[in-house]
Amino acid sequence: MPGSVVVTVVVALAIATRAEPVGSLSEIREAGLDRDDLLTAYRNMVLTRGIEERGHILYRQGKIPGSFYTGRGNEGSSVGVATAMGPDDVGTPLHRDMGVHVVRGVEPWRIFAQYMGRSDGPTRGKDGNVHMADSRLGLLAMVSHLPAMLPVGVGCALAFRIREERRVAVAWFGEGAAARGDTHEGMNFAGVRRLPVVFICDNNQWAYSTPTHLGYATEHVADRAQAYGFDGVVVDGTDVLAVYRETKRAIEKARAGGGPTLVECVTLRMEGHAVHDDAFYVPKPMFEAWAKSDPIERFRTWLRDNAEMTDQEEEEIGAGVKKVLNDALKRAEESPLPDPETVTEGVFATPEDLDTPHHK
Amino acid sequence: MPELTYLQAISDGLRTEMRRDKRVFLIGEDVGVYGGAFKVSLGFQEEFGAWRVIDAPLSETAIVAGCTGAAIMGMRPVAEMQFADFISCAWDHLVTVAAKQRYRAGTPVPIVVRLPSGGGFSGGPFHSQNPESSFAHIPGLKCVCPATPEDAKGLLISAIVDPNPVLYFEHKHLYRRIKGEVPEERYTVPIGKARTHREGDDVTVVTWGAMVHTADEAAQQLDADGVSVEIVDLRSVMPWDKLAVLESVRKTSKVLVLHEDTRTGGFGAEIAATIAEEAFEDLDAPLKRIAAPDTPVPFSPPLEKAFIPQIDDVVAGLRELAEY
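Heads up: the sequence lines are chains A and B, in that order. Note that the numbering used here has the first sequence beginning at 1, numbered continuously upward. Note that the numbering used here has the second sequence beginning at 1001, numbered continuously upward.
One chain only, chain A, in its complex shape (with noise of 0.2 Å):
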């Protein structure tokens, strides 16, 4: 009939597993965390929201230059993930991951000293925002391209396959980038060669303004792992322990030889793309479910219900988190500018930039 359209229903079904939350205190000890480590991690994750919220306040002082963006919401990924990470481990965190950052080690001066484009941030005023990283560290700097870096995490585990060592690489991406052919290549070169790669989606639902369903056809981005040879696992971005929990049973399971595992966070984003948007597309209901569903006071309640968490201890994190960012600031802020002579500094390596452990 002219003019009519043939609505066909795809019912997509679900590939990959879902994740439980986790239960107790006992059951997050046999994943490998004590109470201490706990704690740990409710800390880094009260950290990292605070160093973007100082750095949102710089933001509208006007003294960080450029845009800025951060991972409120995103908290529980970023520090689960982290926290199941090894010391020999590597990773390529991006702009909702600062909880990557604050657990691998970074000291929060600098991470201010980036954000304001100065001398002594990690890459010295070259570039910008939370494209930063130390490599000492085990970090990779990101860049804008999404996901570039994470074929790039991959070329690590195949560094790591090829000298037989005991290392696993992280590679981060988020659901918009899924859409790109470097996840796709990156994977599927993973998945022929069971490289020691845990591909980390941090699924916040907004790919800036494009809802997840014009991004993707299917009901997870992990669906996508059966496809490439390997596990996919979704589990609650909100809940720091389950997310600690997969995350290092797919560590453990590529460093024995297991090959890749895509782990997809299902997270938030609590604001806008960056501070510029005030994200009108995103339906109100769902910012007040978020509200709800905040990662930090989900845990916050969890350690007080399951771990007997402390009033005072909890205040204890408080005021040491507020301390830090105190002082880090104010160091920050004595950090100079680059001289402009350093313009042309640093285009090419030298070969003394090779002297490094992981050069030799």
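Since the hints were derived computationally from the structure, they do not count as laboratory data. Quantities reported herein were computed from a predicted structural model and do not represent experimental measurements. Idealized CB from N, CA, C, for every residue including glycine. It is possible that part of the hints are untrue.
[Stated by the list, open to error] If you only want the chain B side, here are some residues facing chain A, beta carbon under 7 Å, derived:
#: 1; residue: Ala1062
#: 2; residue: Gly1066
#: 3; residue: Thr1068
#: 4; residue: Gly1069
#: 5; residue: Ala1070
#: 6; residue: Met1075
#: 7; residue: Thr1096
#: 8; residue: Tyr1103
#: 9; residue: Ala1105
#: 10; residue: Thr1107
#: 11; residue: Pro1163
[Unchecked claim] Over the 12 Å line for every Cβ pair with chain A, so calculated as not near, a few chain B residues:
#: 12; residue: Phe1025
#: 13; residue: Pro1139
#: 14; residue: Asn1164
#: 15; residue: His1173
#: 16; residue: Ile1178
#: 17; residue: Arg1195
#: 18; residue: Arg1198
#: 19; residue: Asp1201
#: 20; residue: Gly1265
#: 21; residue: Ala1276
#: 22; residue: Glu1277
#: 23; residue: Pro1293
#: 24; residue: Glu1304
#: 25; residue: Ala1306
#: 26; residue: Asp1313
[Said to hold, decoys possible] If you want the footprint, here are the derived chain A segments under chain B, 3+ residues with CB under 8 Å:
#: 27; region: 177–191
#: 28; region: 339–353
Mind docking chain B on chain A? Use the hints.
For chain B alone, kept in the frame of chain A given last:
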């Protein structure tokens, strides 16, 4: 000294470095069992094993990105693009990641990407290009274009040792056509240093890659006319040996810039501009450029012949300059 073809010299250089340094590995499409589309790595997998001579899926992005990650983890990867043309599929990883990592993040990326380039055998638009100027324009990448077997070996070893991403343009039309003496032992040819291919007094030709041989044949014809031609083989286009070029220009006062890549925005334009800026008063004639026209590389032999600068074109250009 043994006489090797250009292709054998590339194999020799790669084998030499792989034997010396176990961090060096080769990855590419069909480089393992098959020995590479042009057989550069024939027999390598038997000698070095399947984890150092890696057959990759048809994934240029994964190949170059994989090399970048492995290099940051301390390896010395060598990637083979089956044809230089396919580097377009990995552009992002050279330009966005590898080229900028040192400047912004302080991380060196010591990778080599081998690029079988150039035309002359009806490869058509997708198997014949010379994309060196695109990459020479990107800060952080080095580009080398050897013309002789000796330089092919020495520059490949230098590229592998270099702490930066190096694009190694190996000209397919030279693979089996050009032979020369190549030292058996390991040696390096410095990146960024030109070579005087032929000494002369009247006209300078600045060129690289296969065009060195075209220029040489043209120069032989001009000898009969009593015109003495100097040929500066750049060997590297990034960094390029400005001093050697300016020195030769000052000596002859007439200069022809010749390349197989297309004309507009070709690397010859940069050389011409530099000569105009720094040696204008040494010139006795307007600088001349001979390059391919601004078209894709055509397939059919008469069209391709019209596209690639020929000996006769260079002879005519040199005569014009000599008579000016």
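Outcome of the hint check:
{"no.": "1", "hint": "Ala1062", "verdict": "4 Å, holds"}
{"no.": "2", "hint": "Gly1066", "verdict": "4 Å, holds"}
{"no.": "3", "hint": "Thr1068", "verdict": "5 Å, holds"}
{"no.": "4", "hint": "Gly1069", "verdict": "2 Å, holds"}
{"no.": "5", "hint": "Ala1070", "verdict": "4 Å, holds"}
{"no.": "6", "hint": "Met1075", "verdict": "5 Å, holds"}
{"no.": "7", "hint": "Thr1096", "verdict": "5 Å, holds"}
{"no.": "8", "hint": "Tyr1103", "verdict": "5 Å, holds"}
{"no.": "9", "hint": "Ala1105", "verdict": "4 Å, holds"}
{"no.": "10", "hint": "Thr1107", "verdict": "6 Å, holds"}
{"no.": "11", "hint": "Pro1163", "verdict": "4 Å, holds"}
{"no.": "12", "hint": "Phe1025", "verdict": "6 Å, violated"}
{"no.": "13", "hint": "Pro1139", "verdict": "5 Å, violated"}
{"no.": "14", "hint": "Asn1164", "verdict": "5 Å, violated"}
{"no.": "15", "hint": "His1173", "verdict": "30 Å, holds"}
{"no.": "16", "hint": "Ile1178", "verdict": "30 Å, holds"}
{"no.": "17", "hint": "Arg1195", "verdict": "22 Å, holds"}
{"no.": "18", "hint": "Arg1198", "verdict": "31 Å, holds"}
{"no.": "19", "hint": "Asp1201", "verdict": "36 Å, holds"}
{"no.": "20", "hint": "Gly1265", "verdict": "21 Å, holds"}
{"no.": "21", "hint": "Ala1276", "verdict": "23 Å, holds"}
{"no.": "22", "hint": "Glu1277", "verdict": "18 Å, holds"}
{"no.": "23", "hint": "Pro1293", "verdict": "33 Å, holds"}
{"no.": "24", "hint": "Glu1304", "verdict": "32 Å, holds"}
{"no.": "25", "hint": "Ala1306", "verdict": "36 Å, holds"}
{"no.": "26", "hint": "Asp1313", "verdict": "36 Å, holds"}
{"no.": "27", "hint": "177–191", "verdict": "holds (count 6)"}
{"no.": "28", "hint": "339–353", "verdict": "holds (count 7)"}
Checked against the numbered hints above, the structure violates hints 12, 13, 14; every other hint is satisfied.
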